[in-house]
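Visitor: Here are the chains, one letter per residue:
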Amino acid sequence: MSQQTIEVHPMPLTTPQESRVAEMSALDGEFNFAYLDERTKRMIRRALLKAVAIPGYQVPFGSREMPLPYGWGTGGIQVTASVIGPNDVLKVIDQGSDDTVNAVNIRRFFERTTAVRTTTATLEATLIQTRHRIPETPLQEGQVLIYQVPVPEPMQRLEPREAETRMLHGLAEYGLMHVKLYEDIARYGHIATTYDYPVLVNDRYIMSPSPIPKFDNPKMHMNPALQLFGAGREKRIYAVPPYTKVESLGFEDHPFEVQRWDAACALCGAEDSFLDEIVTDDAGGRMHVCSDSHYCETRQQAQAAISSPVEAP
Amino acid sequence: MSAPLLQVRDVSKRFGDQLALHSTSFDLWPGEILAVVGESGSGKTTLLNLIAARLRSDSGSVHFDTRDQGLQDVFKMTQAEQRLLARTDWGFVHQHAADGLRMDVSAGANVGERLMGLGERHYGRLRAAATHWLQRVEIDPSRIDDAPRNFSGGMRQRLQIARNLVTKPRLVFMDEPTSGLDVSVQARLLDLLRQLTRQMQLAAVIVTHDLAVARLLSQRMMVMQKGVVVEAGLTDQVLDDPQHAYTQLLVSSVLQP
Numbered sequence: 025m026s027q028q029t030i031e032v033h034p035m036p037l038t039t040p041q042e043s044r045v046a047e048m049s050a051l052d053g054e055f056n057f058a059y060l061d062e063r064t065k066r067m068i069r070r071a072l073l074k075a076v077a078i079p080g081y082q083v084p085f086g087s088r089e090m091p092l093p094y095g096w097g098t099g100g101i102q103v104t105a106s107v108i109g110p111n112d113v114l115k116v117i118d119q120g121s122d123d124t125v126n127a128v129n130i131r132r133f134f135e136r137t138t139a140v141r142t143t144t145a146t147l148e149a150t151l152i153q154t155r156h157r158i159p160e161t162p163l164q165e166g167q168v169l170i171y172q173v174p175v176p177e178p179m180q181r182l183e184p185r186e187a188e189t190r191m192l193h194g195l196a197e198y199g200l201m202h203v204k205l206y207e208d209i210a211r212y213g214h215i216a217t218t219y220d221y222p223v224l225v226n227d228r229y230i231m232s233p234s235p236i237p238k239f240d241n242p243k244m245h246m247n248p249a250l251q252l253f254g255a256g257r258e259k260r261i262y263a264v265p266p267y268t269k270v271e272s273l274g275f276e277d278h279p280f281e282v283q284r285w286d287a288a289c290a291l292c293g294a295e296d297s298f299l300d301e302i303v304t305d306d307a308g309g310r311m312h313v314c315s316d317s318h319y320c321e322t323r324q325q326a327q328a329a330i331s332s333p334v335e336a337p
Numbered sequence: 027m028s029a030p031l032l033q034v035r036d037v038s039k040r041f042g043d044q045l046a047l048h049s050t051s052f053d054l055w056p057g058e059i060l061a062v063v064g065e066s067g068s069g070k071t072t073l074l075n076l077i078a079a080r081l082r083s084d085s086g087s088v089h090f091d092t093r094d095q096g097l098q099d100v101f102k103m104t105q106a107e108q109r110l111l112a113r114t115d116w117g118f119v120h121q122h123a124a125d126g127l128r129m130d131v132s133a134g135a136n137v138g139e140r141l142m143g144l145g146e147r148h149y150g151r152l153r154a155a156a157t158h159w160l161q162r163v164e165i166d167p168s169r170i171d172d173a174p175r176n177f178s179g180g181m182r183q184r185l186q187i188a189r190n191l192v193t194k195p196r197l198v199f200m201d202e203p204t205s206g207l208d209v210s211v212q213a214r215l216l217d218l219l220r221q222l223t224r225q226m227q228l229a230a231v232i233v234t235h236d237l238a239v240a241r242l243l244s245q246r247m248m249v250m251q252k253g254v255v256v257e258a259g260l261t262d263q264v265l266d267d268p269q270h271a272y273t274q275l276l277v278s279s280v281l282q283p
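Taken in sequence, the protein lines are chains A and B.
Residue numbers for the first sequence, in this note's numbering: 25 to 337.
Residue numbers for the second sequence, in this note's numbering: 27 to 283.
Quick caveat, the hints were computed from the structure, so don't treat them as lab data.
Do not rely on the hints blindly, as some may be mistaken.
[What the hints assert, rightly or not] Output of the computed footprint for chain B on chain A, the stretches with three or more beta carbons under 8 Å from beta carbons of chain B: (1) 209–219; (2) 273–283.
[Stated by the list, open to error] Estimated spans, in silico, between C-beta atoms of each pair: (3) A:Arg185 x B:Glu107: 14 to 24 Å; (4) B:Ser51 x A:Gly213: 46 to 56 Å; (5) B:Gln221 x A:Leu73: 51 to 61 Å; (6) B:Leu97 x A:Glu188: 22 to 32 Å; (7) A:Glu188 x B:Gln225: 30 to 40 Å; (8) B:Glu107 x A:Leu73: 45 to 55 Å.
[As the list claims (entries may be wrong)] List of simulated lysine to any residue pairs, SDA-like, C-alpha gap at most 20 Å: (9) A:Lys204 x B:Asp130; (10) A:Lys204 x B:Ala124; (11) A:Lys204 x B:Asn176; (12) A:Lys204 x B:Ser38; (13) A:Lys204 x B:Asp172; (14) A:Lys204 x B:Thr157; (15) B:Lys102 x A:Gly194; (16) A:Lys204 x B:Arg153; (17) A:Lys204 x B:Leu141; (18) A:Lys204 x B:Leu144; (19) A:Lys204 x B:Glu146; (20) A:Lys204 x B:Arg175; (21) A:Lys259 x A:Val83; (22) A:Lys204 x B:Ala173; (23) A:Lys204 x B:Asp171; (24) B:Lys102 x A:Lys204; (25) A:Lys204 x B:Arg169; (26) A:Lys204 x B:Gly145; (27) A:Lys204 x B:Arg147; (28) A:Lys204 x B:Met129.
All of these numbers come straight from a predicted model, not from anything done at the bench.
Glycine included, C-beta positions come from ideal geometry on N, C-alpha and C.
All chains should be modelled from the sequences, with the hints used to inform the complete structure.
Guide: Here it is, written out as structure tokens:
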């Protein structure tokens with residue numbers, strides 16, 4: 025057999041940062057830094073660059089098998105693994121919370137394969153991988169928000185043929201998207217889509233914002249952070265660069281609106297955050313609490329500091 | 027006299043060794059209805075798909091008198107232009123309503139889809155347009171929120187027509203619009219079509235194997251056999267005094283009850 029010219033090993037590691045990568049890769053047995061091999065990461069980065077260059081456009085990529093099932097964030101993990109460096113600080117949230125199964129598992133996955141510092145504080149993090157929420161604390165320049173996306177194609181339900189939806193994107197024929205909203209109003213009297221609410225990015229591409237509540241849609245608009253979307257099963261990557269126009273669709277007489285609650289958070293009293301309704305007993309008892317656990321905790325601590333000043337020693 | 031709305035010149039189509047359509051030419055004038063008749067496999071539907079730019083022709087040209095730019099070669103337009111034309115100035119009524127409708131969204135959304143595609147973003151106006159068009163095709167407006175899946179065959183076909191006519195096209199292609207419907211429903215649909223084409227000054231190309239449909243709706247007709255137009259002329263003339271042997275056979279084959 026002739027000598028293969030394809031390198032099997034990762035790229036030669038030369039720069040100081042990369043030699044640290046080499047050190048780290050010994051962390052958990054046989055894995056390369058951040059689990060994926062360097063060639064895969066480069067392939068994904070190329071897809072990411074294209075995605076950033078064409079905001080909202082779905083770039084196909086060679087999604088890899090990951091050590092967790094589809095639907096658990098394989099796309100988001102691959103994107104995170106491709107952009108993470110040893111000096112990054114990672115935050116992982118699932119439905120806004122830092123301590124649910126998905127978030128804990130993914131955080132531990134990156135702790136084991138990269139040994140980067142992890143945090144729950146939104147502003148401390150340089151990378152935030154998220155499932156179904158955007159943190160309440162406004163993001164800043166330099167931060168990267170990575171979404172886990174189950175269904176990247178917003179028109180899939182109405183037009184199952186992928187060749188056709190790609191053509192519709194190509195020609196910017198988006199009447200179909202309003203058919204969906206029309207159906208909502210005809211059936212419920214208002215736009216009843218509450219999550220995965222379609223958006224128009226940079227006046228060109230219609231994009232699925234992943235199943236975030238529509239409450240979070242306005243946060244995507246002109247956000248200073250870079251927003252990356254990875255769909256592992258569907259093998260698609262797309263992006264919203266910082267300070268990009270993101271418009272939620274609507275009708276003139278039924279404009280886009282976010283959810284509102286009559287209640288305030290039972291723990292921190294916030295009235296401006298996304299609330300989860302939690303059933304507390306089987307007698308109908310329930311309470312509303314912030315879905316963003318870090319935001320809620322921060323507010324509780326601040327209130328505790330005001331109401332009970334530290335006693336003098 | 028004004029210019030023809032549609033000029034078809036030498037379109038032809040081959041599927042491998044099979045000649046589906048021999049070089050065919052005709053003109054269609056505004057408000058005129060042309061019937062294309064012939065037996066199954068004679069190339070009628072191929073002809074329709076070619077001139078509607080749904081299939082790529084092997085040769086020839088189709089010029090359409092567009093609203094803002096005059097006569098344009100449809101085959102030379104970009105795909106985006108063709109598709110825009112297809113959902114504004116043209117309509118296409120399929121033989122099976124399921125091909126032309128979205129079966130799982132409501133009748134109102136089916137009618138409104140073309141308008142939304144053209145940028146209509148006012149729910150009230152969309153709703154009003156849908157109600158208006160359902161009435162015009164004699165569907166009870168109270169069914170506006172029902173999915174066509176729950177409609178009868180005749181209602182589906184009428185809904186399909188409403189969906190196509192909502193942008194006030196000037197040319198409609200119809201592929202066997204009445205086949206598969208029972209005779210009383212057929213008669214009602216034909217009556218409706220005749221009314222709408224008169225009122226809206228619609229030009230239409232109707233493919234059918236039913237000579238009665240041709241007689242009732244069209245001013246002119248073309249008879250096709252094995253991919254060739256064997257006879258063309260005024261409908262009454264062709265049907266009352268058929269010249270070609272095949273046309274004679276066709277006319278004499280009609281059962282008289």
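Visitor: Next step is simple, just say for each hint if it's right about the structure.
Guide: Going through the hints against the structure:
1. Evaluation of the coverage hint for the stretch 209–219 of chain A: fulfilled, as 3 residues show C-beta separations to chain B shorter than 8 Å, against a requirement of three.
2. With 5 residues carrying a beta carbon less than 8 Å from a beta carbon of chain B, the stretch 273–283 of chain A meets the three-residue requirement, and the given coverage holds.
3. Evaluation of the 14 to 24 Å hint for arginine 185 of chain A and glutamate 107 of chain B yields a pass: the beta carbon distance comes to about 22 Å.
4. For the pair serine 51 of chain B and glycine 213 of chain A, the beta carbons lie near 54 Å from each other, so the given range of 46 to 56 Å is met.
5. Judged by the Cβ atoms, the range 51 to 61 Å given for glutamine 221 of chain B and leucine 73 of chain A holds: they are separated by roughly 58 Å.
6. In this structure, leucine 97 of chain B and glutamate 188 of chain A meet the distance hint of 22 to 32 Å, their C-beta atoms being roughly 30 Å apart.
7. A hinted range of 30 to 40 Å holds for the C-beta pair glutamate 188 of chain A and glutamine 225 of chain B, which are about 33 Å apart.
8. The hint said 45 to 55 Å for the Cβ distance between glutamate 107 of chain B and leucine 73 of chain A, and at roughly 32 Å that hint is violated.
9. Distance check on the hinted pair: lysine 204 of chain A and aspartate 130 of chain B sit about 11 Å apart at the alpha-carbon level, within 20 Å; holds.
10. The suggested pairing of lysine 204 of chain A with alanine 124 of chain B holds, with an alpha-carbon distance near 19 Å, which does not exceed 20 Å.
11. Between lysine 204 of chain A and asparagine 176 of chain B, the direct Cα distance comes to roughly 19 Å. Compliance with the 20 Å bound is thereby established for this hinted pair.
12. Between lysine 204 of chain A and serine 38 of chain B, the direct Cα distance comes to roughly 40 Å. Violation of the 20 Å bound is thereby established for this hinted pair.
13. Pair hint lysine 204 of chain A plus aspartate 172 of chain B holds up; C-alpha atoms about 15 Å apart against a cutoff of 20 Å.
14. Of the supplied pair hints, the one linking lysine 204 of chain A and threonine 157 of chain B holds, its CA atoms being roughly 18 Å apart against a limit of 20 Å.
15. Only pairs whose Cα atoms come within 20 Å are accepted, and lysine 102 of chain B paired with glycine 194 of chain A is accepted, the gap being roughly 19 Å.
16. For the hint pairing lysine 204 of chain A with arginine 153 of chain B, the CA-to-CA distance comes to about 14 Å; that is within 20 Å, so the pair holds.
17. Straight-line distance between C-alpha atoms of lysine 204 of chain A and leucine 141 of chain B comes to about 14 Å, which keeps the hinted pair within the 20 Å bound.
18. The hinted pair formed by lysine 204 of chain A and leucine 144 of chain B meets the criterion: a straight-line CA distance of about 16 Å does not exceed 20 Å.
19. A distance of roughly 14 Å separates the Cα atoms of lysine 204 of chain A and glutamate 146 of chain B; the hinted pair therefore holds under the 20 Å criterion.
20. Our distance criterion of 20 Å between C-alpha atoms is met by lysine 204 of chain A and arginine 175 of chain B, whose separation comes to about 17 Å.
21. A threshold of 20 Å between alpha carbons decides the hint, and for lysine 259 of chain A with valine 83 of chain A the separation of about 8 Å falls inside it, so the pair holds.
22. In summary, the hint linking lysine 204 of chain A to alanine 173 of chain B is supported, as the alpha carbons are separated by about 13 Å, within the 20 Å threshold.
23. Taking the CA atoms of lysine 204 of chain A and aspartate 171 of chain B, the gap is near 13 Å; set against the 20 Å cutoff, the hint holds.
24. A threshold of 20 Å between alpha carbons decides the hint, and for lysine 102 of chain B with lysine 204 of chain A the separation of about 33 Å lies outside it, so the pair is violated.
25. With a C-alpha separation of about 18 Å, the suggested pair lysine 204 of chain A and arginine 169 of chain B falls inside the 20 Å cut-off, and the hint holds.
26. Taken as a hint, the lysine 204 of chain A and glycine 145 of chain B pair is honoured in the structure, with Cα atoms around 15 Å apart against an allowance of 20 Å.
27. Of the supplied pair hints, the one linking lysine 204 of chain A and arginine 147 of chain B holds, its CA atoms being roughly 13 Å apart against a limit of 20 Å.
28. This hinted pair checks out: lysine 204 of chain A and methionine 129 of chain B have alpha carbons roughly 13 Å apart, not beyond 20 Å.
Of the hints listed earlier, those the structure fails to meet are numbers 8, 12, 24, in rising order.
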